[in-house]
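**Student:** Residue strings, one per chain:
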Amino acid sequence: MSDRFSILLALALCVGACAGVLGIRREPSHAFEHRAHVLKGVGCLSCHEGIATAGDSDPMHFPRTADCVKCHTKPHDERRCENCHGETHVRGSAELARRHLRFEHRTHMPSAQGDCVRCHVEVGLERPEALRPKMAVCFGCHQHEDQWRTRDCDGCHVDLAAEQTLPSSHLVHDGDWGREHGLRAASARDLCASCHSERYCAGCHGVGVVPALPGRLAFDSVRLSGLHRAGFRARHSLEARAQPGLCMTCHSERSCLDCHAALEVAPGSAARSPHPPGWLSTSRGGGQHGPQARLDPMSCASCHGGAGEKLCVDCHRVGGPGGNPHGHGFSSTKDKLVDLPCRLCHGGL
Amino acid sequence: MGGTNARLAWLFVGGSVAFFSRQALGEPLRLRADAIAEARAPAGLVVLQGQDRKYPWVDAEALVWAGARTDPTADVLVLSVKLRAPRGWGDLRLGRFVVSTGAIRPLAIDGFSAIARAPWGLSAEAFSGFPVVPRMATTGYDQASGGRLAQTITSRATLGVSYLDQRSHGRLADQEIGADLAAVPAPFLDLAARGAYDLLSSGVADGLISGSTRFGQFRVELFGTHRSPSRLLPATSLFSVLGDFPSQVLGGTVRWAAAPRLDLLLTGGGQDIGGELGGYATMRGTLRLDERGAGTVGLEVRRQDVPSSRWTGVRVTASEPLGPYLRVSTEIEVAAADGRSDRGAAWPWVLAALAWRPGKGWEAAGAVEAGSTPRYRFEWNGLVRLARTLEIP
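Going line by line, the protein sequences match chains A and B. Read the first sequence against our numbering and you will find it ends at 349, with the numbers running on by one and no gaps. Read the second sequence against our numbering and you will find it ends at 393, with the numbers running on by one and no gaps.
Next comes chain A alone, as it looks inside the complex:
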């Protein structure tokens, strides 16, 4: 019991000691006292002067020290008010909105009837996370279903690709996104294209044409995760064997051969055979090569494809010593005497 208590105490102490690093104890920052001003009866337009008639390209209407001292005639500090009152990320969010969204306060004021909180819902909170209205707030009045269905986002978003805003609800990009993204894109590729350019997809999926994967080009961005990161060259055979078929969803059988030939580890090079002892046996069962080929046929095709298929055909042709290579579940609609690859083995009948 005492051991358990000691462990819990040690853990608590660790978390406490690391509270700053973990972000549990935040650096002191001071949200602007919107609520206090409202309770004192100070209207929004008293400080954000001119916002009611502001257009899309007008300057931001953040109050400056000169605006504050109109009321606060004896400031407690000589520094600029916005240095302490208000949080940088809140201002930054508003500046990003100005850059990436088409929005005019002046067209919204008549329907809002001076009630700014109707959109800026977090103004009333002691510590608002963001004062910029979320998209759901826009949808409270603007029913954009037609635009959503037809991916017509340009009415509000200047350039979604440049904006780099991640969806906050469905299609979230957290979790194991490397595995998930293909599944999501299967039904919503044109939705993905709202933000991502062709180059983004082709950077990885333009297999054979890609000079180097994005992760390799951005070698200094170590935060990137992905299948091919870090020492992938050393572990790629382990990865391939662990998930048979996964490589084939992007790579052709030529991909392996091209790379191995460049590194001189392909058939015909000076490199030794990669197969372990007992791989090929003349005894019953033929050794390990049959079962392994069935589990991961691309590994075989990557070296023995094309002209290399003759090696297999010599043994496994109809009447050959290797026997029937078709495993369970095999079926084909092809004409075995005419179509390839069937006729390689069946054509000699």
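Don't take every hint at face value.
Stated by the list, open to error - So the derived label-pair ranges between C-beta atoms look like this:
| id | chain 1 | residue 1 | chain 2 | residue 2 | range |
| --- | --- | --- | --- | --- | --- |
| 1 | B | A124 | A | P59 | 21 to 31 Å |
| 2 | A | G50 | B | V254 | 40 to 50 Å |
| 3 | B | L266 | A | H196 | 44 to 54 Å |
| 4 | B | R292 | A | T53 | 58 to 68 Å |
| 5 | A | A162 | B | D338 | 39 to 49 Å |
| 6 | A | R80 | B | G293 | 24 to 34 Å |
| 7 | A | W177 | B | M136 | 25 to 35 Å |
| 8 | B | A118 | A | R216 | 35 to 45 Å |
| 9 | A | M60 | B | M136 | 45 to 55 Å |
| 10 | B | A39 | A | Y200 | 23 to 33 Å |
| 11 | A | H196 | B | D71 | 30 to 40 Å |
| 12 | A | A307 | B | R292 | 50 to 60 Å |
What the hints assert, rightly or not - Computed, partial: chain A to chain B, Cβ under 8 Å:
| id | residue |
| --- | --- |
| 13 | D58 |
| 14 | G329 |
| 15 | T333 |
No lab work stands behind these hints: they were computed from the structure. Glycine residues also receive a C-beta, built at the ideal position from the N, C-alpha and C atoms.
Use these hints to put chain B onto chain A, whose structure you have.
**Tutor:** Frame of chain A; chain B shown alone:
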């Protein structure tokens, strides 16, 4: 029609329209050039990319590269023009790009893709073209065509069916139909599934299903995958006739925002590879060193345990800004296979990088990496990248 001339014609059309849109509209043109050199080989690479997008009815983009490892070579990764009908009723893409419709896996083609959307949620997409052959090489009578029909139901679900017909040297290499589903039946529940059925050998080529939910600081996902390797190979390959020995995974992922600056991810699953059982698990933690996440430390531990592949890997990353323009990063990985072999039992790898980004415009980065591989007990490499981004009004 052989692929060569048609492919070049598409590239010419794509390039011409990109040029036209720039000249006629005078809109901002985004350009980026990257030059990368590495000590190993030695090798060099220049990547040029551009994007022209201001008017809603036309986008043009291109990415071309040239480089040398053993011989000088060059290629076009993307050269495409996208024309959009008013209010998003339809798109037409021309040139070289990647298609992936519904159950059809990503495929780079020189060709076209057209999509039409109706206000009641129906969309129809069709594409056709020549599968891209690397390094400007050509093969005769390669061709891929297909399409997808999808219906969105009350903004909560999308159901699609798709078809692919691919030929290699004129011979049928792949013929699949597929189905895909994405649904948000409740705000906290997100479902997705897709599957492809091989018509040539009558069986499921691959299938994936995923369901996820979020509550508080957690996101939980359950997933399953099914892949039949022999059906994923082109039907013209001799190795496509070995039978159906699918690889299946059933697993889950939990993401936990454990603290404001600490994210944890745990993913794992059980595997059935042609009747052989196993599993894998990965734990990843990312700690941001400041509110903006400019500095980070990451740890990833991974264990793979199936009869054909048993290994453990550990990866540590760290990145920290040194002032406003400089950033230092490092990445260390050790992968260790169970049991010793003459190719080594553990393969360490380390990278140290320094990057300089003075804002928009120029950026430069350099790195040294060293490690051990199954082929070499020790190897090292030096990497340098110089990039320039331009926006021409």
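**Student:** Is 44 to 54 Å right for how far apart the beta carbons of L266/B and H196/A are?
**Tutor:** violated (27 Å)
**Student:** With 8 Å as the cut and Cβ atoms as the points, is T333/A at the interface with chain B?
**Tutor:** For T333/A, the interface hint holds, since the closest Cβ of chain B sits about 6 Å away, which is under 8 Å.
**Student:** Measuring from beta carbon to beta carbon, are W177/A and M136/B in 25 to 35 Å?
**Tutor:** holds (33 Å)
**Student:** Can the suggested window of 30 to 40 Å be confirmed for the beta-carbon pair H196/A and D71/B?
**Tutor:** holds (33 Å)
**Student:** Just to be careful: measuring from the Cβ of D58/A to every Cβ in chain B, is the smallest value less than 8 Å?
**Tutor:** violated (21 Å)
**Student:** Check the following: the C-beta atoms of A124/B and P59/A are separated by a distance inside 21 to 31 Å.
**Tutor:** violated (46 Å)
**Student:** Using the Cβ atoms, figure out if A307/A sits within 50 to 60 Å of R292/B.
**Tutor:** holds (56 Å)
**Student:** Lying within 45 to 55 Å: is that true of the beta-carbon distance M60/A to M136/B?
**Tutor:** holds (50 Å)
**Student:** So the hint says 35 to 45 Å: do the beta-carbon atoms of A118/B and R216/A match that?
**Tutor:** holds (42 Å)
**Student:** Is the hinted range of 23 to 33 Å satisfied by the C-beta distance from A39/B to Y200/A?
**Tutor:** holds (29 Å)
**Student:** Are G50/A and V254/B spaced within 40 to 50 Å by their CB atoms?
**Tutor:** Once the Cβ atoms are compared, 49 Å apart, the range 40 to 50 Å for V254/B and G50/A holds.
**Student:** Quick check: does the Cβ-Cβ distance between A162/A and D338/B fall within 39 to 49 Å?
**Tutor:** Holds, at about 47 Å.
Of the hints listed earlier, those the structure fails to meet are numbers 1, 3, 4 and 13, in rising order.
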